[in-house]
Structures are given as structure tokens and as C-alpha cells.
Amino acid sequence: MSQTSRYRVSHLAALEAESIFIMREVVAELERPVLLFSGGKDSIVMLRLAEKAFAPARIPFPVMHVDTGHNFPEVLEYRDRRVAHLGLQLVVASVPEALEAGLVREPADGTRNRIQTPVLLSAVEKYRFDALFGGARRDEEKARAKERVFSFRDDFGQWDPKNQRPELWSLYNGRHHPGESIRVFPLSNWTELDVWHYIAAEGLALPEIYYAHEREVVERDGMLYGVNEFFAARADETPFVETVRYRTVGDASCTAAVRSVADTVEKVIEEVAATRITERGATRGDDRVSEAAMEDRKREGYF
Amino acid sequence: MTAPVLEPRTMDLLRFATAGSVDDGKSTLIGRLLYDTKSLFTDQLAAVEAVSLARGDEYTNLALLTDGLRAEREQGITIDVAYRYFATPRRKFIIADTPGHIQYTRNMVTGASTADLALILVDARKGLVEQSRRHAFLCSLLRVPHVVLCVNKMDLVDWSQEVYERIADEFTSFAAKLEAPDLTVIPISALHGDNIVSRSEKTPWYEGPSLLHHLEHVHIASDRNLVDVRFPVQYVIRPQSTTITDYRGYAGQVASGVLKPGDEVMVLPSGFTSRIAAIETADGPVTEAYPPMSVTVRLEDEIDISRGDMICRPHNAPSVGQDIEAMVCWMDETRPLTVGGKYAVKHTTRAARAVVRGLQYRLDVNSLHRDESATQLTLNEIGRIRIRTTLPLLADEYRRNRTTGGFILIDETTNRTVGAAMIIETA
Ligand SMILES: Nc1nc2c(ncn2[C@@H]2O[C@H](COP(=O)(O)OP(=O)(O)O)[C@@H](O)[C@H]2O)c(=O)[nH]1
Ligand SMILES: [Mg+2]
Chain H
5 MSQTSRYRVS
15 HLAALEAESI
25 FIMREVVAEL
35 ERPVLLFSGG
45 KDSIVMLRLA
55 EKAFAPARIP
65 FPVMHVDTGH
75 NFPEVLEYRD
85 RRVAHLGLQL
95 VVASVPEALE
105 AGLVREPADG
115 TRNRIQTPVL
125 LSAVEKYRFD
135 ALFGGARRDE
145 EKARAKERVF
155 SFRDDFGQWD
165 PKNQRPELWS
175 LYNGRHHPGE
185 SIRVFPLSNW
195 TELDVWHYIA
205 AEGLALPEIY
215 YAHEREVVER
225 DGMLYGVNEF
235 FAARADETPF
245 VETVRYRTVG
255 DASCTAAVRS
265 VADTVEKVIE
275 EVAATRITER
285 GATRGDDRVS
295 EAAMEDRKRE
305 GYF
Chain P
23 MTAPVLEPRT
33 MDLLRFATAG
43 SVDDGKSTLI
53 GRLLYDTKSL
63 FTDQLAAVEA
73 VSLARGDEYT
83 NLALLTDGLR
93 AEREQGITID
103 VAYRYFATPR
113 RKFIIADTPG
123 HIQYTRNMVT
133 GASTADLALI
143 LVDARKGLVE
153 QSRRHAFLCS
163 LLRVPHVVLC
173 VNKMDLVDWS
183 QEVYERIADE
193 FTSFAAKLEA
203 PDLTVIPISA
213 LHGDNIVSRS
223 EKTPWYEGPS
233 LLHHLEHVHI
243 ASDRNLVDVR
253 FPVQYVIRPQ
263 STTITDYRGY
273 AGQVASGVLK
283 PGDEVMVLPS
293 GFTSRIAAIE
303 TADGPVTEAY
313 PPMSVTVRLE
323 DEIDISRGDM
333 ICRPHNAPSV
343 GQDIEAMVCW
353 MDETRPLTVG
363 GKYAVKHTTR
373 AARAVVRGLQ
383 YRLDVNSLHR
393 DESATQLTLN
403 EIGRIRIRTT
413 LPLLADEYRR
423 NRTTGGFILI
433 DETTNRTVGA
443 AMIIETA
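Chains as they are written, first to last, in my numbering: chain H, 5 to 307; chain P, 23 to 449.
Calculated from the structure, these hints are not laboratory results.
Beta carbons: idealized from backbone N, C-alpha and C, even for Gly.
Do not rely on the hints blindly, as some may be mistaken.
[As the list claims (entries may be wrong)] Have a look at the derived ranges for each label pair, beta carbon to beta carbon: (1) P/Thr397 <-> H/Glu110: 37 to 45 Å; (2) P/Arg421 <-> H/Asp158: 51 to 59 Å; (3) H/Asn232 <-> P/Leu75: 30 to 38 Å; (4) H/Gly207 <-> P/Ser263: 23 to 31 Å; (5) P/Lys364 <-> H/Glu110: 38 to 46 Å.
[What the hints assert, rightly or not] From chain P, some residues computed to sit far from chain H (all C-beta separations above 12 Å): (6) Asp45; (7) Glu201; (8) His235; (9) Gln344; (10) Asp345; (11) Gly363; (12) Ala366; (13) Ile432.
[Claimed, not checked] When the alpha-carbon atoms are kept at most 25 Å apart in a straight line, the in silico SDA-like pairs for lysine to any residue are as follows: (14) H/Lys56 <-> H/His89; (15) P/Lys224 <-> P/Glu184; (16) H/Lys56 <-> P/Leu321; (17) H/Lys56 <-> P/Val280; (18) P/Lys364 <-> H/Leu34; (19) H/Lys56 <-> P/Thr264; (20) H/Lys130 <-> H/Ile119.
Between the sequences and the hints, there should be enough to build the whole structure, so can you do that?
Structure (C-alpha cells):
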């Protein structure tokens, strides 16, 4: 074997090494990190990376779920199982509780995406978290393509895209004043396909809804929404049973499924490699609002 | 239309930065690479088409794909680095799309800092312009190992070999003055796709590879420094557990060199020596660690080691010094760098403070003229400085090691990253 093929590093190994480096930097330099864990595939990968970064010690921070109350039951079960298995502390920032306490008001259209932000921010304040790991990837959305790995947030949790810290080499700057915080995105350079390749390589279990299954759905605005307790068919819509899977897992009232027969990780990889629609474009009603919907939500403190 | 089947086990990773003046065709080229490698999604394209149509653009403006911020779309310019991804069966690519204008030098420096390769575009009709030279200079300053000059819009100069060669010669002789790395010149039409994915019939006189072929095959493995063992200790792993006792592991990412169990090592700044007992990962022990692996090193002896220390070899160590000479690119719009200024320093995993002792000169990035009368550096200016740090840095020359040779300066009041520095020497 030649020198260079001997010391070669696959792209997945390079991405993993970079993400682990990022997580260790945070734990070394910031005081109270927390990992946002929703039970979605990106956060599952992120949690695996955290496990690997600190082994054989336990993950040295808690996880937090911003719970809109509109959950897929399989995902909640998965969340609790995983957290218990790893012996982690779980903080639930609950939108239903915040609604009850009057911290936020239910939007007229019933989608809770936007009101997650104040709930998240008040939990950050309560627990004095100064670093929040998020599973966002730059390939997801054009505003995210511009975001730093260490993304500085002011004491209102806001992102200022025109005022970002330059990020050179692997020298991340996590300095901040009390009350301010850093959002950290260890998966910045991963694509949807990388995530799936990694899930296959690591043999990671996922909530079942990521794989093809039969579900009662309706078609709305060209997307397939599962009919469930948070999403009712309108009078003019006729539900039908379709073989679908979820590409992303978010709020059950606004996350759509895609037609798919991919019922194994290998088939999902094939499907994702061939698909010509982005994951958010295919599944998120909330991003279709405007050209800059994501940028606006991020400015307010959203992930 | 199907995407290439990827080979995750054998694919590697190449990071490249793009540079060029406004309208040289950078966005068109990136759009083309994404489109031709099936990495562009129909909903992204549809969104861009809709916006283009609404704005009355005559053609679908692929620049809208990378210009992701509201202000960028409104002003029709690229303000900040955007990252894009595509893959072929051989490689995954990370593109740092950096704005070309002089007021965005800091963004170009940022994009180039991690790049294996830089793509510099010129418009064949205009030839080399001031910006092309500046981009070439910044690439050499940041030690980007490979540079590709794309002579674009060849369709507008009738695919003239003469035009191409004149530009190629001029750039090659300029680059020679810069200790330039590996340079490749390719005649292309980003708009029509010539010499992008495959060789074009329009340029029978051109013998070289298409751009994508070059990106897929350019040899980057040997760009890594596999000679000097440098392992900055990032974090000490000490499980608080009843089942694992007395475990002490030094976690970090290998900056350079190859580490093996049994190797004799030295720890800086203490100078203590020991041997590597094991190199561990969550997937089990490994027999070798090399860049960019993140691993945990265990030593045979109990010595006091903490974050910011460096594991190296007794006969091949970085310099340990507090007086540092460096080229710095200033990145702060609010306050200039001045002699006497105090800053926080982040170098590898080590934090220190520093005072600027001297500013030897400011460099004109267009003419490379050195202005020795300069008393400050303002936003986007580059100069040679001397600093004194509160703690010794464990450093190499940047030209020898891009990881242990670079550091950032941070304003201690605002906490902003205000300078990017490349070490010339330490004492
Ligand atoms: N004829 C021709 N026009 C091109 C070519 N590449 C880009 N253009 C045009 O040049 C203009 C500027 O391109 P753009 O990609 O926005 O440049 P940028 O400012 O460097 O991103 C657009 O009108 C493009 O259609 C080319 O190879 N041939
Ligand atoms: Mg552009």
C-alpha cells in the first residue's frame, strides 16, 4: 500500500472527526451546554456523535426537547428510550405548558412552529444554558447555508446574519457575555445523504415513521399529510391510505410525508440519492410561507 | 435523471473556495456544477425561477441559489460566505462561495483558511484584473495547496486559444512570484457547460482535464503534513464512574504527523516525556492516528496534562515562545489594529492574551507594496505584526503547518473575532 492510500480518510470519517472536534470544543470552553434532541434523525446522529466524543465517559450535558405538544407517538417513545439508555437528563420545554401559563398564544392557523421560539428561549434562560447543540445542516436551506458552526446569539436569542463572527480554520470563538449564548451546529457540513450513510454505517435505530408504512393521508398543497389527532381532513378532502415515509420529523400538524416504498436503510439511501426535491421543500409547510421564512424565524431565535 | 450512486467507503472529501470579480460567472459556475452533478433540487430551482421571473430578470439567475440572505437578494450581491455541497462517486465537495470584492477580503480569507483548493475565475474578455491578482495573493497567503484558474466566457472570445494562452501565461508568471502552489488553468464556459463536466469539442487545442475531472482527481492526500507529530490536547476524558476507574485519556484531533502506540512522545510546554499506551476511539483502539482523525491518546506515565498542551515527539517539537511574528488580516470594521492593542488569542486549543508590540508594514494586496510607515490596520487590511503573548504558544510556521501556524485575535470587550494571523516565526 502506498503512503497516501494507507492514510486515507473517507468523507464520512472526516465529517465525524470534525463533528466530534466541535463537540469537544464546546464542552471544554462553555459552561452549560445542552443538546437539542427531538427524536428526529439529525438529532439522533448528533447524539451518537456526542456519545463517541466523550467515550468511555458519559455525555457530559443534558438534552432538551422543545415539545410543541403535536408529537408523533413513535418519536416520543423513541426519545424516552434513547435518553434512558444513555442515562441522560431530559429537559422538556413544553409549548402546551407555556400556552397554559399565558407565555404564548395559540396562532390562528394552529401551527406552533413560531411559538416554539419563546418557549425555547425561556428554557434557556431558566437553566442558564450558554451553548445549544442543534442538528441543523447547511444543505437544508439557503439562510442556513450562511450560518456559522458557532452561531452567536444576543441576550434575546437573536441571530444577526450581517454581523456574524468570521470563522477561520477550526478556531471556533465561543466567547460571550452573561445572558448571551452560542448555537452550535456540529452537522453543518453534512448533507441529508451523509446522515443516512452514517445511520447505515453506525446501525442506528430510528423511529419507525422514517421507513415506508401505510398511513391515512390527505393531499394538501401538493403534499401528503397524515391524518392524526393534530391534523384533520377538511370537508372537501378525502383521506386515503398510501404507502409513505417521513423525511423529516417535526410538528405533527405541519410535517408532510412522502410517497415511498423504502422500508430499509439501504432503500432510503437509494431514494434520497435519486430524489430531486430538498427535504424541507418536500415536507415542511412552514417554510413555504415566504422566500425568507427561515431567515426571519432564525433572527427571532429559532434554530 | 438520477444521481450518481455514491460509494461512501471510498469517497473522500475536498473543500474548495471560489473567487472572482462580480459578474465573472462564479454563481453560474457553481449552479452548473450542482446541476450537472444532479445536486440541484427542483424546488430550489423553481424558487429561484419564480423570484427571477418576479424581478423581471431575463434569465434564471442562478446566483439566487447561493445568495441566501434577504439583503443579498435585495442588493443583488454576495455578502457572506455560503457553503454548498455536492458529491460524485469519487468525492464529496464542500464549496465555500466567497464574495470577490475588496470589501469582503475577510470573507475570502475565511473561505480560503480551510480550503484544499481555490477556484479563481476570470472573464476571458477582460483578462486578469486587479482582483484576480489579489485573489491569487490571498490564496498563497492562506497556503491553499491547489489553485485552478478558470478562464470563463470563452464562448464570447470565439474560443480563442490565443486569448486563453495570454491570460494563462500572465497568471502563471504572476503566481510564480507568490511561491504559488500547484496551479492549473482551464478554459471554460460556465453558461454553456464547456469543459465543466467533460472536455469540450470547442477547445481541441486544450489538452487538460475538464474542471470536474480535475476536482475529482487532484491529489490532496499528500497535502497533509504526515511528518511532524502535533496533537493539541483538546479535552481530558476522566469518567466519573464506579466501573471505569483510573481512566485518563487526552482527546483531540491530530493536527499533523502519525501517532502510534509505543511511540515516545513529549508533552509541551512541560517537556515531560512518556510513551503512547493506546490510541482509542469509541469504535475501539487504533494502531495509527493521523489527520484529521479525532481520537483519545493514553500515555504510559501519569503526567499533568491539560487542555492547550501539545503532544509531539522529543526530536520534532514546535517552538515554545511568547514573541511571535505573523501576517494578520484585520477583520474588524469598528476598531483598527494598533500597536499597543491587547487581544485574546486562540491558537490550536490554547487560549492566551497578547499585546501588539509592532507593526512592521501594511501590505497593499493589489501591488504587494509594503508600506512601512503604516501605524494601523483597518478592516480587510493585511500587515506583518509582532506580538507578545502572556503564555507561550506551541507553534509552527504557518507555511509548514496550517493548523499549528494559525491563530485568531479576539476583541476582549466585544468578543468578536477581529484578526486572522499566520505565524512567520516565534521566539
Ligand atoms: N456568455 C457567457 N456568459 C456567462 C458565462 N458565465 C456567466 N455568464 C453570464 O455572466 C453574468 C454574470 O454571471 P454570475 O454567475 O452572476 O457572476 P458572479 O457575479 O461571478 O456570480 C450572467 O449574465 C451570466 O449569465 C459564460 O461562460 N458565457
Ligand atoms: Mg455571485
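Here is what the structure says about each hint:
no.: 1; hint: P/Thr397 <-> H/Glu110: 37 to 45 Å; result: 60 Å, violated
no.: 2; hint: P/Arg421 <-> H/Asp158: 51 to 59 Å; result: 38 Å, violated
no.: 3; hint: H/Asn232 <-> P/Leu75: 30 to 38 Å; result: 37 Å, holds
no.: 4; hint: H/Gly207 <-> P/Ser263: 23 to 31 Å; result: 25 Å, holds
no.: 5; hint: P/Lys364 <-> H/Glu110: 38 to 46 Å; result: 51 Å, violated
no.: 6; hint: Asp45; result: 21 Å, holds
no.: 7; hint: Glu201; result: 20 Å, holds
no.: 8; hint: His235; result: 18 Å, holds
no.: 9; hint: Gln344; result: 19 Å, holds
no.: 10; hint: Asp345; result: 21 Å, holds
no.: 11; hint: Gly363; result: 17 Å, holds
no.: 12; hint: Ala366; result: 7 Å, violated
no.: 13; hint: Ile432; result: 6 Å, violated
no.: 14; hint: H/Lys56 <-> H/His89; result: 15 Å, holds
no.: 15; hint: P/Lys224 <-> P/Glu184; result: 14 Å, holds
no.: 16; hint: H/Lys56 <-> P/Leu321; result: 20 Å, holds
no.: 17; hint: H/Lys56 <-> P/Val280; result: 21 Å, holds
no.: 18; hint: P/Lys364 <-> H/Leu34; result: 23 Å, holds
no.: 19; hint: H/Lys56 <-> P/Thr264; result: 20 Å, holds
no.: 20; hint: H/Lys130 <-> H/Ile119; result: 17 Å, holds
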